[in-house]
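Q: Please arrange chain P with the ligands on chain A, whose structure you already have, making use of the hints.
Protein sequences, first through last, are from chains A and P.
If you count the first sequence from 1, position 340 lands on 340 in the numbering used here, and the numbers rise without skipping.
If you count the second sequence from 1, position 173 lands on 597 in the numbering used here, and the numbers rise without skipping.
Derived by calculation from the structure, the hints in this document are not laboratory data.
Note that the Cβ used here is the ideal one computed from N, Cα and C, for glycine as well.
Computed, partial: chain A to chain P, Cβ under 10 Å:
no.	residue
1	Asp369
2	Arg377
3	Ala386
4	Leu389
5	Leu395
6	Ala396
7	Asp397
What the simulated footprint calls covered on chain P by chain A, stretch by stretch (three residues with Cβ under 8 Å from a Cβ of chain A suffice, anywhere in the stretch; the number is not a length):
no.	segment
8	471-482
9	495-501
10	515-525
11	530-543
Here are a few chain P residues that sit away from chain A, every Cβ distance over 12 Å (derived from the structure):
no.	residue
12	Gly463
13	Arg649
14	Tyr667
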Amino acid sequence: MAAPQAKASARLDALQTGPGFGAARADALARLRAMGLPDRRDEYWRYTDPATLNVQAAPAAPVFDASDEAPLFDALDRVKLVFVDGVFDPAASDDPALAGVEILRLADAPDISWANGLYGTLETAGQTPVARPFAALNTAAATDGILIRATARAAKPVHLIYIHESETSDPILHHLVKVEPGAELTLLETGPAGARFNKVLEVDVATGGRFHHVQVQGRDHQRRAVTHLFTRVAEEALFKSFTLTANGVLTRNECVIDIAGDDAVAHVAGAALGDGATGAFHHDDTVFITHGAERGESRQVFKKVLKHGAVGTFQGKILVKPGAQKTDGYQISQSLLLDDDSQFLAKPELEIYADDVKCSHGSTTGALDETALFYLRSRGVPQEEAVALLVLSFLADAIAEIEDEDIQAEIVARLEAWLSRHRG
Amino acid sequence: MLEIKNLHVKLEDEDKQILKGVNLTVEPGKVHAIMGPNGSGKSTLSYVLSGRDGYEVTEGSATLEGADLLEMEPEERAAAGLFLAFQYPVEIPGVGNMTFLRTAVNAQRKARGQDELSAGEFLKVVREKAKTLKIDAEMLKRPVNVGFSGGEKKRNEILQMAMLEPKMCILDETDSGLDVDAMKLVADGVNALRDAGRSFLVITHYQRLLDHIKPDVVHIMADGRIIRTGGPELALEVEQNGYADILAEAQ
Ligand SMILES: Nc1ncnc2c1ncn2[C@@H]1O[C@H](COP(=O)(O)OP(=O)(O)O)[C@@H](O)[C@H]1O
Ligand SMILES: [Mg+2]
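The shape of chain A in the complex, shown without the other chains (with noise of 0.2 Å):
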């Protein structure tokens, strides 16, 4: 245990601020040394290992050609922002005009009033009950990022493009996102970003704000990545977020959410695919939701679709304060295992101090169903079209989160093409 956690350590010591936010990077680093980096001790790190997270230099990422496929949401009418290996690259992004909405750069450190109320807050917040080292880590050195304040409904979304270039990248991108009461905003985020990705996006949404969010990541098969969502929804506000994750030797997100007004919504979704044969594949999703206000209402639907020694996690908790009445909170986490040597593990958790709520969750693991295979097929769909219709199909409520149809009609496109890529 001593080599890991020496090596842990040199990645503190070695921990250099990034540009602007001056008191709040101090702060994170403050709270990122006192609770140290994690380790498989832990009990919030129990299904994942995160030893090559907290190793000084990121372990090396073949970059993946992904040229097989046209760039995602390339159909889209978007505002695209491009970082390569965690670094905007201006030239290759679009002019960040757009009507009711100002965007900035964090490496610029623009030091504005909204942006210094924001920075590194949410992620402070979020991290009691529950420590969260590599977000304090990421608030206090983030090089890079995004800050995004809608102050009316974004006539198109915001496309933040993560290129992978350098074989041994180690980003750190935090963003902060402010949507303005009654205000609307859709941000995509696709791409691999580097060959290991530390990112943090803070989501402030404000009264009867709307906040949409598609993340893709893949498809190299050596990357690493641990992100942190952090949002606040504020009265009759809307969040809604997805995630399509494809390969990627360790992805742990952690998505965490404080239901902070009255009827505040927030729904959160992942899909995820993973072929051992292709690549080792552990995937980590772990949602934190806090219900401190009435008639909340959260949704968790995570899915995971695992062959060939593809491994699969979930850790899941819905908090309900005091107070926190008629709040619904749902949450369900599904494995598809389409062989015997894929694994998921899953630990869901209600905890709930108001008497009058509606909370459920559910975790199943199960193969594909035969019958419906023999049925599909009996119809003359051929073995192959039939799974992919069937895994489709088990995917398909963490899909349905998705409400630009557009948009998950590429998300579908995709995962159809994964499917056939994947056969076997």
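A: Only chain P with the ligands this time, still in chain A's reference frame:
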């Protein structure tokens, strides 16, 4: 059309013989009925013909228009023109009924070297056929068979059959769980498909379906064999006297 010779089938995982030498020939354009007590092997015969896993053919053969069915994958049998209306239609959550139908129709067209139907063409045909079976638009949108009543499931089977236009239709207890009106709908759906090039094998426990779908030939199956073959009057005999006499006679 369909020719079954001396078919012996056992369970794959168990030493249990279910079919013990079935002989049956269905000519083009004919309707044959198979009746028989529960457990006599009727469903097993339909599953083996359509290629379900779990059974082992130990002897005999089954051909469709001369082609060896037993050598084909289930989807190949379907493309060759075989259709089984299931005794227990399968629910597939998450797959819309319409998607299911279109995938099936186009897969078969593709296998036969025909162009796929466009979404518009397909929709038009489905709506028309669904209407005659009293299947509403809502049922077409819902996931396959999920939340369907027994009668809706059986009607949905007939809709699939109508869309796929198979040559050899096997109906396994399509009348079970249906009230008189629903049975009439199903029978009308089947009768509408009757023509000189299409054959039917109607498996039923009761005679009443055969009042509506008039068979040319009736077979009685018991303990894995066809023990008697006759005309429509054989069904009436079963209706009146049950199986006991026929079984005793066969002993
Ligand atoms: N998969 C199976 N596993 C075990 N027993 C089976 C299986 N399939 C059929 N059988 C047995 O085979 C016999 C015939 O069943 P089946 O073909 O369903 O009869 P029928 O349709 O005439 O009622 C019954 O004894 C039944 O229990
Ligand atoms: Mg039966």
